[in-house]
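So the sequences go chain by chain: A, B and C. In case it helps, the numbering used here puts the first sequence at residues 1 to 321. In case it helps, the numbering used here puts the second sequence at residues 1 to 284. In case it helps, the numbering used here puts the third sequence at residues 1 to 502.
It is worth saying that the hints were derived from the structure and are not from the lab. It cannot be assumed that every hint is accurate.
As the list claims (entries may be wrong) - Covered stretches of chain C (in silico footprint by chain A; criterion: 3 or more residues with CB under 8 Å from a CB of chain A, positions within the stretch not fixed):
1) 219-229
2) 235-244
3) 481-493
Claimed, not checked - Chain A residues, not near chain C, derived (Cβ > 10 Å throughout):
4) Leu6
5) Gln63
6) Val114
7) Leu209
8) Ala227
9) Trp229
10) Ser260
11) Val272
12) Ala276
Note that beta-carbon positions come from the ideal geometry of N, C-alpha and C, so glycine has one too.
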Amino acid sequence: MVPYLLRRVAFLVVTLFLASVALFLLLRLLPGDPANALLSVGATPQQIAAARHEIGSDQPLPQQFVTWLGQVATLNLGHSFVSTLPVGPQIASRLVVTVPLTLLAFALAVVIAVPVGFVAAYRSRRWYGALLGGLSQLGIAVPVFWVGVLLITVFALKLRLAPAGGFPQDDWASPGAALNDLILPVVTVALVMSASLIRYVRSATLDVLDSDYLRTARALGSSFVSAMWRHGIRNASVPVISILGIELATTFLGAVVVESVFALPGLGSMLVQGIAEHDYPVIQGVLLVSTFAVLVIGFLADLAQRIIDPRLRAPHLAASR
Amino acid sequence: MSASVSVPVRAPARRRRSVTLTVGCVLAGLIVALAIVSLFWLPYPPSDVSGGRLAGPGGGHLLGTDKLGRDLFTQLMIGSRIALAVGSGAVALGGILGVAAGLAAGFATRWLDDAIAAALDILIAFPVLLVAMLLVAARGASLASAIVAIGLGSSAVVARLTRVLVKRILSQDFVTAARTSGTSWPRIVLEHVLPNVWPTLVVNLALQLGVAVLAEASLSYLGLGAPPPNESWGRMLQEAQATVLTAPLGAIAPGVLLILLVIGVNLIADGLRDVADPTRRRSR
Amino acid sequence: MNKKAVALFGAAIATVLALAACGTNPNGGSSAGSTDTNSTINVGSLYEPQNLDDTAGGGQGVTEALNGNVYESLFKLNDDGSVSNLLATGYQVSSDGLTYTINLRKDVKFHSGKALTSADVKYSIDKVLAPDSQSARKSSFTAVKDIATPDDNTVVVTLASRSISFVYNLSYVWIFNDEAKNLTTTEDGTGPYQVGTWKRGSTLSLKRFAGYWGTSATNAQVVFHYFTDATALNNALLTNAVDVVTSEQSPDALSQFTNNKNYKVNNGHSTTKLLLAFNDRVAPFNNTLVRKAVTSAIDDKKLLQSIWGNYGSLIGSMVPPTDPWYEDLTKVNPYDVNLAKQELAQAGYPNGFTFTLDTPNYDPHPAAATFIKAELAKVGITVNINIITADQWYTKVYQNHDFVATMQEHVNDRDVVWYGDPSFYWGYNNPQVTQWVKQAEQSATAADQTALLKKVNEQIAKDAASDWLYLYPQIVVASTNLTGYPLNGLNSQFYVYDIKKS
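One chain only, chain A, in its complex shape:
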């Protein structure tokens, strides 16, 4: 386990480094000068020169790259071109919205998906099992913003049960108000996300129900519940956890659209605004943080998977991943 851990950490560090390189190249290779971001508000040639100097786009590319790596290493993400506010603290204040939204939605999706997926598999030949399977099919086909709009229309505008959007100005100073504002966004994300999770849980459960070890255990006199508990859940959870890792990452980044629908000041809406204003330090900072988050989530999911599934600890299998 320890050599694997070391190798996996080394791999994580390398991917983080490569991701920063990729991001740097991607943004620098875009046509146009990042300093052009200032043109939208009426810059003179002197100002453009000053802007180029300030953001360093008048420097040679290798030097810009060294500067960028230094920034990444010290977590100093520069200042927004538009508002001149530092990017790092702004991202931190956005994470206060996006992280709870992601985690709550994720938790709710798991709470919905595990029992529903299990029932859909265990009772797949009954009408309700089939119905649940069909509903999950519908769920993965629905665009998330559409669900958001429908929920707003029904629960916020018609029934007045929840706010239509926004977030308290003082963030989590009054947790009740903040949670209240997150209800509909969380439900929106969780509904859509649980649909694909249900399908994975259902599939994993079907595989376990089919498996020889479960039949053997039952033939040896274990009750269904205890056989499932001792063998089934552990086995079914392996593929599901790896999917959970991917889904968690997707939710985190998929928040872009949901935050737009609900006017939430999260990381996603910061990115949309940054793109609209061609505010390169903001785009760069948000993408860096979100890419790092996704890679770290993947790392944690891999670790969790290995801890649960001893088979993966076998050296030859580890090497082939």
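Chain A is already provided as a structure; the job is to place chains B and C on it using the hints.
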């Protein structure tokens, strides 16, 4: 992360399998038919603004009109074209790039393989929507930007799947036998690898088509998709959002068509998987 | 999606004389019963400041939130268009009209505690004129030759040529503390509010300033909530997340407020015009007949109806009814498809032509462009719509003049004078008009100025210099327990200090 290989969901019974495929073909076929018909005939010219503002259904307009007085059904038909064009264009691009990269990684030396795997992990960390937004920021919103962006995004997923599948095939005894008997690499690819990889890939590409169609709608919803006067379903939804209480049909109809198409494509994928993968056929 | 208006900065030719009364109560709502002076007012808006300094490109939003609320000028532009003393107690003009002696209030303190002096005023005017200034008003002050500060309470400005709108223009110059730092992210003004917290992308809060020299604000705190989309903004009002919307941009939601006793819909005067601006330098739009034909081929009334339902009004020229030199010119180039066809044939385009329309990507431009495409197809003209972002518009159209035709909303009042500048982006070049505009600015009386600008107005309409599609409505929607909010939002100002909540 080998989980993307164990493709989920399968039909519980043999009979339902063909039903899955049939229903999927009917749903997706409906949208394809709509798109094909729209090439030859439309109820109204695309930019005809002769209708009233937000007129209800009936009175010459099957589903009513939008804010500018354009026939909603006409716009929906044109929207089907854009959904299918972006979806299939992106999947074609993603398929070609992904399979090529996956094959390369599968055959490559350990070192190169690790490098490609790391690159794919990073690419997947940039989700489709973000890549698309970056591209749009750089090149402006256009149909081509949307296709390229979504295609690039899905190529990473396809590449990762191909790589794992290729590795699995290459470790099989019959490939080892072929290699020891001196068969050339291209022949091994053509005769052993592709035929065995293909069925799973087709299923995955079908799933990717659904993802691509949804991604295009999201991009258009954010105002980053195909620009007007192309009527994308995503943008129709965005525009109709303001009138969801007064003219709900405009906000519902594009969503329904979008869902029908994606469900149809996903059902086809499920149906194909059952046909393609005989091990799934055993009934429980 | 992005509702950021590209404000085109009218070198406002104006007069210190009050405009004719607009016929509406300057303050919204009726008098309320009990009011709470410690209330928090939640204001919903689509226009977020880009930063807090209006000479550093803060945009339309910074004017809306901070002008008059946090920063004050020597003179105040009232909601009815008149100008009155604010930080100045009065001024004298020399007989040649070239020297302005302005007296300052003595009891004014900045939020940092420093007392206001003439040095701050000089610093602030210089800040607008500085080479790196992005102030919308920079070009209005080209006549300024010298600023002197004989004592702490007197400022003497010398002009190179007469400028009848000088005092009006000063109403746009914020007075900063000359020692303040980091003005893009913090403030030091003299207004009734201090900036509380600014959460970029979400909210900006203003807190009542205890040391204010004038009448204290009638509420303790104002929070501006920023939205990127009109629907989300309306939803916030419907669910009481905000008390008032500064400028309604979606007519479809209004039915929910008009028939609801909890809300009041106020229809004020706007100065925002939607233009189909031709590049008058290049073919085919260098031909007046072609411009007239296009103008006559588009049914502006139906366009307005499509975008705004029953709100807004038609204009036949650049001048809105609130400007003193307004005339109804909607009949000059009437909607008449046959006339358009005749004019096209006469101009040598009997079968029409094809042109590209550069269209900003935010509402209402894409929808309006789609409508225009359909209308012009009827007279054989093919329109290719090219969607561009706000900064692309600025570079391509505004700076490089690399376009054939474009659409843009122009928000300022008194901006007809741009037709006197042949180097302006639309390239309208009529020496007579240029002359009239110059004379108008140097006129001795407001009557002379008005007469000259009327001539300008008539001439540009005759020449169809641009196609002025319509004048936006200015709709402020507020909950009925709110009073004292501005109705006209002139130049996107929004004074909040008189707002009361009961």
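Against the structure, the hints:
no. : hint    : result
1   : 219-229 : holds (count 5)
2   : 235-244 : holds (count 5)
3   : 481-493 : violated (count 0)
4   : Leu6    : 41 Å, holds
5   : Gln63   : 26 Å, holds
6   : Val114  : 33 Å, holds
7   : Leu209  : 46 Å, holds
8   : Ala227  : 51 Å, holds
9   : Trp229  : 46 Å, holds
10  : Ser260  : 7 Å, violated
11  : Val272  : 8 Å, violated
12  : Ala276  : 5 Å, violated
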